Amino acid sequence: MTLAIIAQLAVSGALIGLVYALIAYGFQLTYATSQSINFGQGELVMVSAFFSLTLINLGLSYWLVVPLGLLFGAALGLFVERAGVRLSLEQKSEGWILLTIILGLFFFSVAENVWGRDDRPFPTPIGSDPFKVLGVDVTPVELSVAVGVFAVMGFIELFKRRTLLGKAVEAVSADRDAAELMGISATSTVMLSYALSGVVAALAGILVSPITTVGPTMASALILKAFSVAVVAGLESGFGVVLIGMFLGALESIASFSLGSGWREVPGLLLLILALAVRPTGVFGKAVIRKV
Amino acid sequence: MLVVDNLHAGYGLSEVLTGVTLTVKKGTVVALIGANGAGKTTTMRAISGMISPSQGKVLLDGAPVQSLAASRIARLGLAHSPEGRKIFGPLSVEDNLLLGAYRLLPHFFGFRAKAAPDLERIYGLFPRLKERRAQAAGTLSGGEQQMLAIGRALMARPKIMLLDEPSMGLAPVIVQEVFRTILRLKQEGMTMLLVEQFAKTALAVADYAYVMERGRIAVEGAPDELRKNARVLAAYLG
Amino acid sequence: MLKRLLLIRGAELSMFALLAAVPLGVKNPYVLGLLTLLAIYGVLLIGLDVSVGYLGQVNLAQAAFLGLGAYTAGICVTRLQFGMPASMLAAMAVTLVLGALLALPSLRLQGPQFALATLSFTALTATALNELEWLTGGAQGLSLTRPPMFGHLFAPRDFYWFCMLLLALVWVAMRNLLASQWGRAFEALRDSPIATDAMGIGTYRHKVAGFALGSALGGLAGALYAFNFQYLQPQTYVYELTVILLLGVVLGGRKSLWGAFVGAALVALLPNLLSNRTLFELISGVGFLVSIAAGVRGLMKKTLRPFQAIAPMVATGVLVFGGFLVKNTEDWRKAIFALMLFSVVVGLPEGLMGFASGFLSRLFRIPEAPLPAPSPLDEVLPARPAGKDAPILLELRDVKRYFGGVKAVDGLSMTVRQGHIHGLIGPNGSGKSTLVNVVSGLYTPTAGQILLRGQPLPQGSLFKTARAGVARTFQNLQLFTGLTALENVMAALQGVYRRSRSLPLVLIGLGRAEEKRAQADALALLEFVGLGSEARRPAKDLTYGAQRFLEIARAVARRPEVLILDEPAAGLSHPDLLRQMEIIKSVNQRGVTIVLIEHHMDVVSGLCDVVTVLDGGKVIAEGSPDEVKRHPKVIEAYLGEVEAGPAATPSPAAPATA
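Chains as they are written, first to last, in the numbering used here: chain A, 931 to 1222; chain B, 794 to 1031; chain C, 1152 to 1809.
Some hints could be false.
[Stated by the list, open to error] List time: in silico DSS-like cross-link candidates among lysine-lysine, alpha-carbon distance up to 27 Å: (1) C:Lys1615 - C:Lys1558; (2) B:Lys879 - C:Lys1558; (3) C:Lys1452 - A:Lys1022; (4) B:Lys1021 - C:Lys1780; (5) A:Lys1090 - B:Lys923; (6) B:Lys923 - C:Lys1558; (7) C:Lys1551 - C:Lys1615; (8) C:Lys1453 - B:Lys879; (9) C:Lys1691 - A:Lys1022; (10) A:Lys1022 - B:Lys879; (11) B:Lys850 - B:Lys1021; (12) A:Lys1090 - B:Lys879; (13) C:Lys1769 - B:Lys879; (14) C:Lys1551 - C:Lys1691; (15) B:Lys1021 - C:Lys1784; (16) C:Lys1558 - C:Lys1769; (17) B:Lys850 - C:Lys1453; (18) B:Lys850 - C:Lys1452; (19) C:Lys1453 - A:Lys1022; (20) A:Lys1090 - B:Lys1021.
[Stated by the list, open to error] Here are a few chain C residues that sit away from chain A, every Cβ distance over 10 Å (derived from the structure): (21) Ala1171; (22) Pro1263; (23) Leu1320; (24) Ser1526; (25) Arg1535; (26) Arg1548; (27) Gly1562; (28) Gly1742; (29) Gly1757.
[Claimed, not checked] Just so you have them, the derived chain B footprint on chain A, three or more residues with Cβ under 8 Å: (30) 1094 to 1101; (31) 1163 to 1172.
The hints are simulated quantities; they were obtained by calculation from the structure and are not laboratory data. Remember, predicted model here, so these are calculated numbers, not experimental data. Ideal Cβ positions, reconstructed from N, Cα and C, are used throughout, including at glycine.
Work out the full structure: start from the sequences and follow the hints.
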């Protein structure tokens, strides 16, 4: 294995890793406002991708499908919040873990029956002929992943920092009660975060599908890695998930080349267990102080 | 301005408030004093909607608000500066103040321009906050945090302000400064309900005061009357 | 007593007898196969219930332990020619160790992170089983033949009885466990992990041991699974199965052996229910009607939130009407399962058995087993002679604790003498609570030393500090709310349990003898604080005052050298306050040194020998209550003083403290 091959594997792996980072970022968005995450996020990615594929097959332009797909993702996110999360948050229970798993199972079954169990190609006007950057082959599709991920994350981070509503979201994650006293409705904020998380999931599906194809099984494959990224990086730092996501993507692409494709998942999972043992709050996470 | 009638509230099974009745007239400062655990903070929390009362009424400007969420009550113009200050630690001082005015400002763009006059007013009141406007609020000293909490509440241009233990954990010199500010606000005509551990300090700024004992109002009256009341004298003014 | 035995044990016995008798009447091998699977899933779900129910953690790793157990047994049989017992023991040993290894890091996490960690473990296991072809046969699968047991080759019917026997043994062992100190510890750590540590019970060790035990049961079920199917495939033990198992436990009802059993029956029978159209329509129809009836009733009586009432109706409605639209219900298996589960999780959060047991307990009033007579108080809480010279017991040397830039405790030294009630007062935020948290081990001090009898106390561990002889209560009550008053005290009891500490001894039922003694001792302490008649009442149903007394009884059960009382009078009514003072005094008279944090000056004056006043994280005064009250600094910082003179026209210049 030459250095050139390793570099090639690392770059294409890191670009896919950005998709994991994007899904993990979706966890961070909801965790910040409600300390909850959607365990069925993978199914959201998959169903949104299928929905977008259907629109494309209906003859709609790709550039029109993208915003429609994102809207669809937002709607699904809101549905998950209403059906799976809100009640548990009100009761301060952890029932949302089970309920979001159950909703994921439901989405999975619906997708399986509506769109079939086979993997299907996802056509895109963006080319897939590679060009060389510093001796490494990069395809425009892969590049579109990077552009899309950084664009949406940048946009959301900008929204959080530059608009008052964004600051309100941060206020809710800093102190929910105090935010309520400022007239900020915590429930609406949680809804907003779930809608955004849905948008992010849909975008992940639209970006990754041209590379990996669309199929029901993409849900669990993606979510496991996104979980790894989220736990290793911690549930606070957007910068952290990007870094860890790219690292993990590169690592697994190298592992699958040198050990066999079945071992693709292993580095991520080992990294995760290692991170749990050494730093349970994540590499970029904050330590918690117990209070009585 | 604010009428509380036979308010019952608590946490889980233990009912902390067993029928609190009090009134705050427009433009006055009312103090709520009493021993720790008497229910002062719980009263404040029940008024502002942080906990929902099990019984009784809260009228704000004549409208019942006891069943509304805290955010709805806040948007009606009741500002509550809670016990322990509860500033947004990771956010900057200025962001904290801007969020105080959440109910008045546009939520996306142009909020900074609209808030500018109010910000200047608060910075005039607390020059030290202006010096630290870009600093994370969590890194401020206790006294500065208390000023920020009051400033944040003022940003909402509230009809009435609830101040819970503004002196908590502060050095006496800082407490003096905080109370000087409260007096100044009073002179500007702000309506306030004040909970305070230091009964004497509270009585010095109040127009009227209620003494709480075990979840209900035990004694009420003008500060001068309370100072003469033997029972209050023995228990709180020793 | 007899009625109780008859009802509870009788129900269990008759169920097992019935299940054992089935193969005598029914010769259908298909039914036998299903029942065998039921027994195996029963063991598996009882194991899963330990973490999901008793530890309160969402565990997504049980399918992995099933797989690991199955493959361990399979490999032992094919490669090492082990017999059945040895293979089963090997399967349990491997899963026990792996379970402990997984639990050690991940049980420090709460909520979603723990679920994520276990989920990753499942994925990792599935990959390893698939890829380690030299060991597991990879995707080809692993075939084995069921080995003989002590020379006897099991026919399917014999194997079924064997599985049932094991299920019964596991059932009995779990019942022994739950009736012991371990069962109380599980309950306690869910209610208040902090108090569990502060009472010297140990949250973490019980969690790890419980999780490892549940994993080993998964391994046992895996071995049986391997012997039953005699063919193993790595794809079996993945995400989907783990979710279905978890939901089986929830559906059946958490924290209940019966619930796990009902869940196992559902998981085993579910595929068959769905293949039969009429049965499916019947079940979904009944579910729909029940959810409407229960929902409407709940809405009228306002016992349910609107969402809780309406969501199950919608879900079951979709099930009924979706059933007409769909050709093949098998294809929609997961969606159907999801809808059923959704309705149950939202509408019946306690699960089917949780609901049924609530219903049954109203139907049959089962009398509680009578309590033993209380032990003599002198045995439980031996009065220690209060030395006249009163040596130094607890010493703090220049203790500091900073939070970021906030100096909560800032270089504080003080000594507490044996037999004293030592008061600690100061304004809010003066560092009292932080100090108590540092001494009791919740926080690690930033700097400084804490000595008990001249020996340094362990730092930063509530559990170790508690074991060293420091007990505490909490300002905001940290009772084990799900336990009764008696059980709260029993959980903390020191010096009674020996065998009950060892998990294997408890499982085979040797902990029972110590229970009677523990009950008697705990009852003595309850009577000591005047709660003898409330012994059977759940702590959450006690009055607020009684909860405060109970917390003291629980702390005293530790037989502490130092007892720290954190605002024991907060929020008490006047009569309760007086009673509380009496209790504190009598605890002290039995030789327990007390550190008392309190706001009520009259409580402090009435009880304390010495008072230390804190402000800004430092000691500003120390002495007898009367001395302290007159101390100018104390008046300034704590008691507060205002300038004499008319306050009606205050000037902005100097309104407040002088």
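Numbered hints the structure breaks, given as an ascending list | 8, 11, 14, 20, 22 and 31
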